[in-house]
Structures are given as structure tokens and as C-alpha cells.
Amino acid sequence: MPAADELAADPLEDAYYDYLLRLGDDALILGQRLSEWCGHAPSVEVDLSLANMALDLIGQATHILNNANNGDGDELAFKRDVLDFRNCLLVEQPNGDFARTIVRQLLYSTWQHLLFQQLAESRDPFLSAIAAKAVKEVAYHRELASEWTVRLGDGTDESAARMRDALDWCWRFVPELFEVDETLEEMIARQTVPDPRSFEREYRAAIGDVLAEAKLEMPADQRPILGGRRGHHSEHLGHLLAAMQYLPRTYPDAVW
Amino acid sequence: MSSDWPLWEVFVRAKGGLAHRHVGSVHAPDQELALRHARDTYTRRLEGVSLWVVKSTDIVASDPEEAGPLFEPAEDKIYRHPTFYDIPDEVKHI
Numbered sequence: 001m002p003a004a005d006e007l008a009a010d011p012l013e014d015a016y017y018d019y020l021l022r023l024g025d026d027a028l029i030l031g032q033r034l035s036e037w038c039g040h041a042p043s044v045e046v047d048l049s050l051a052n053m054a055l056d057l058i059g060q061a062t063h064i065l066n067n068a069n070n071g072d073g074d075e076l077a078f079k080r081d082v083l084d085f086r087n088c089l090l091v092e093q094p095n096g097d098f099a100r101t102i103v104r105q106l107l108y109s110t111w112q113h114l115l116f117q118q119l120a121e122s123r124d125p126f127l128s129a130i131a132a133k134a135v136k137e138v139a140y141h142r143e144l145a146s147e148w149t150v151r152l153g154d155g156t157d158e159s160a161a162r163m164r165d166a167l168d169w170c171w172r173f174v175p176e177l178f179e180v181d182e183t184l185e186e187m188i189a190r191q192t193v194p195d196p197r198s199f200e201r202e203y204r205a206a207i208g209d210v211l212a213e214a215k216l217e218m219p220a221d222q223r224p225i226l227g228g229r230r231g232h233h234s235e236h237l238g239h240l241l242a243a244m245q246y247l248p249r250t251y252p253d254a255v256w
Numbered sequence: 001m002s003s004d005w006p007l008w009e010v011f012v013r014a015k016g017g018l019a020h021r022h023v024g025s026v027h028a029p030d031q032e033l034a035l036r037h038a039r040d041t042y043t044r045r046l047e048g049v050s051l052w053v054v055k056s057t058d059i060v061a062s063d064p065e066e067a068g069p070l071f072e073p074a075e076d077k078i079y080r081h082p083t084f085y086d087i088p089d090e091v092k093h094i
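Protein chains in written order, with UniProt numbering: chain A, 1 to 256; chain B, 1 to 94.
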């Protein structure tokens, strides 16, 4: 372990680096998941909506992971193994049906929007710049996911049932978004990132409002599933990485 | 799914001061999602600053069969173009 004063001196020391990986990996993995819909969405218009969100997120990931690795974000994206990823478990969950994809998006984008609004005010120049740029993209993701939630929840019997199933599936991954561990404690103490617990109440109220409009009940709290921030992932992430990393790992010199 | 959705015509204003121009159409279940789909389909490359969508069935169109009586009478009325007239040199502000 480096000494404490050394930690503070190096902007890319452990806590900061770890935090960049969390933000970057969230965006990368959710972007990859959404891109799996390409060519399979319920309509060509929805196909484009999902692909646009995927591209926004992969763009964010590119900036963040490049910053974390001296300009070489590709190395982090394509050369790391599953245990080294720091994304939350919510974003790696399989697409499932369209309802589950929308619920996952609602739960993540609402959180990301609240976080990035505050992060845009960070005194860390990189974090404030990336958050200020991305917050408009994320606001759109949140609005789109909210509108689809209302239409599917307040749609047909089948769409409402699928939304209830999707909420049941995704809800246990929400507590991880508000978990404060050592990395986050360190970053909060330095006043460079907000404490997510400070907007947890607002988050629940916002989700509750959308679900009420969608005529869906707020799911009951379940036993939380944690661990993504420490590299303890579900089996699903390995499969995602196998597809995402196949080409650069098989043909290391490939360019595109 | 999309085959059940009504069709919407999409109009994009490329920049302030220009008129909205018809660019194509999208399927969507309602007007809010029609705007979203129009945004995601037609403004991905900085094409515009404003969007209109209107249900295709709300557009009243001229009948192609009537194109003759409707439009051909204008063909020989070249005096309706301002360029038809010679402006006298004495007229300064026109």
C-alpha cells in the first residue's frame, strides 16, 4: 500500500482509478448489452433508439477508460478478464424480453442521471467535464425508458405481466447502486464525487412516480445482490465479454 | 408490433430561420413516441434543431388524377415570376 500522502498526490491512484473503472465499465457493459438488440428490436424505430443509447454509452466508456489508461481504453475494454471488471451487476443482466431491457434501462439511467447531475459539479476537472457532457444523453435515456415503462405497464395484460416480471428480476440489483465501500468513502471524503445515499430517497421517489403512472406497483425489497464493484460478477458477464472481446483477442493486430 | 402502429410524417427544421422540411416517416403508437422515433431516426447526424410529427392520415393530399387541372394551367403564366419584369433603372428599392 502506498503511503497516504502519496495517494493524494497521484490523480490516478487506487480509489480514483477504481472509480473511473466503475463509471467506464457500467457504460461499456450496458452499451454492449443494448447493442445486442441491433437487428432484433420490435421495430426498426426501436432498433435505432436502442442503438443510439448503446452508442452514447460506448462513447462515454471510451472517454472514461481512455482517461483511466493513458489514452488506451481499448486495452481495458478488450484485454481484461471478468474478475477485473467493476461494473454494477444490474447492467450485465441479460436483455431478456423488451420489458426487462426497458426496466433495466429505467433503473440504471435514473440513477446515472441523478449521479451525473451532481458529478458535473465535481471539483475534479475530468469527472465534471465528462458528466456535464454525458448528462444530456443520460437525461434522454431516462425519459425514453420512462415513457416505455408507462406504455408497457399501462398497456396490455401481457405487457403489464412482463413488466412485473422484469421489475422482480432487476430490483435486487438496485441496492448495489447505493452501496458505499472503501473506494467510494475515499472519493466522497475528498469531495470529488457525491455520496449516492444522498439521492437514494429522490431515486426511489422518481422510480415510484414512473411506476405509478405505469400502473405498476413498486416491487418489494428483496435480498440485495452485491459484488460487481469488487469483481464478483454473475455468469452472464463472462458470456458478454466472450462475444465482445473475441475479435481483438483472436486477432490482436486487427484494426477497424 | 410496428405494423399495428400508425404512421407519422416527420418534418425537420435544419436550423433557426429555415422552414421545417419533410424528411420521411416513422411508425409509433402515439405522438410522444412518434417524436422520440423521429429524433432517433432522422436527427442522429445533427440534421436539425426542431421536429414536427403529424399523423399521416391527418394530411390532406391532392389527388394525382387531378394533377392536370390543378397544376398545368400555371405552366404558361410566366408573368407570375418576378423575373418576368424588367425593372426600370430609376427604381432603386425593390
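Derived by calculation from the structure, the hints in this document are not laboratory data.
One or more of the hints may lead you astray.
One side of the interface only, derived from the structure: several residues of chain B facing chain A at Cβ under 7 Å [said to hold, decoys possible]: (1) Leu35; (2) His37; (3) Thr41; (4) Thr43; (5) Arg45; (6) Glu47.
With a Cα cut of at most 30 Å, we get these calculated DSSO-like pairs of lysine-lysine [what the hints assert, rightly or not]: (7) B:Lys15 <-> B:Lys77; (8) B:Lys77 <-> B:Lys92; (9) A:Lys79 <-> A:Lys133; (10) B:Lys77 <-> A:Lys136; (11) A:Lys133 <-> B:Lys15; (12) A:Lys136 <-> B:Lys92; (13) A:Lys215 <-> B:Lys92; (14) A:Lys133 <-> A:Lys215.
Glycine residues also receive a C-beta, built at the ideal position from the N, C-alpha and C atoms.
- Message: Less than 7 Å between beta-carbons is the criterion; does Leu35 of chain B satisfy it with respect to chain A?
- Response: With a closest approach of 10 Å, the Leu35 of chain B hint is violated.
- Message: The hint names Glu47 of chain B as touching chain A; please verify it with the least Cβ-Cβ distance against 7 Å.
- Response: violated (14 Å)
- Message: Check the hint pairing Lys77 of chain B with Lys92 of chain B against an upper bound of 30 Å on the C-alpha distance.
- Response: holds (26 Å)
- Status of the Thr41 of chain B interface restraint (C-beta, 7 Å, chain A): holds (5 Å)
- Message: With the threshold set at 30 Å, check whether the alpha-carbon distance from Lys215 of chain A to Lys92 of chain B stays at or below it.
- Response: violated (68 Å)
- Task: Could you grab the alpha-carbon distance between Lys136 of chain A and Lys92 of chain B and see if it respects the 30 Å cut-off?
- Result: violated (51 Å)
- Within a Cα-Cα threshold of 30 Å, do Lys79 of chain A and Lys133 of chain A meet the stated pairing? holds (27 Å)
- Given pair status - Lys77 of chain B, Lys15 of chain B, alpha carbons within 30 Å: violated (34 Å)
- Task: Compare the distance between the alpha carbons of Lys133 of chain A and Lys215 of chain A with 30 Å, and conclude whether the hinted pair is satisfied.
- Result: violated (33 Å)
- Status of the hint placing Thr43 of chain B at chain A (closest C-beta pair under 7 Å): violated (10 Å)
- Message: Restraint: Arg45 of chain B near chain A, CB-CB cut 7 Å. Satisfied or not?
- Response: violated (11 Å)
- Query: Given the hint that Lys77 of chain B pairs with Lys136 of chain A, does the C-alpha gap stay at or below 30 Å?
  - Reply: violated (52 Å)
When the structure is compared with the earlier hints, violations turn up for hints 1, 4, 5, 6, 7, 10, 12, 13 and 14 and for no others.
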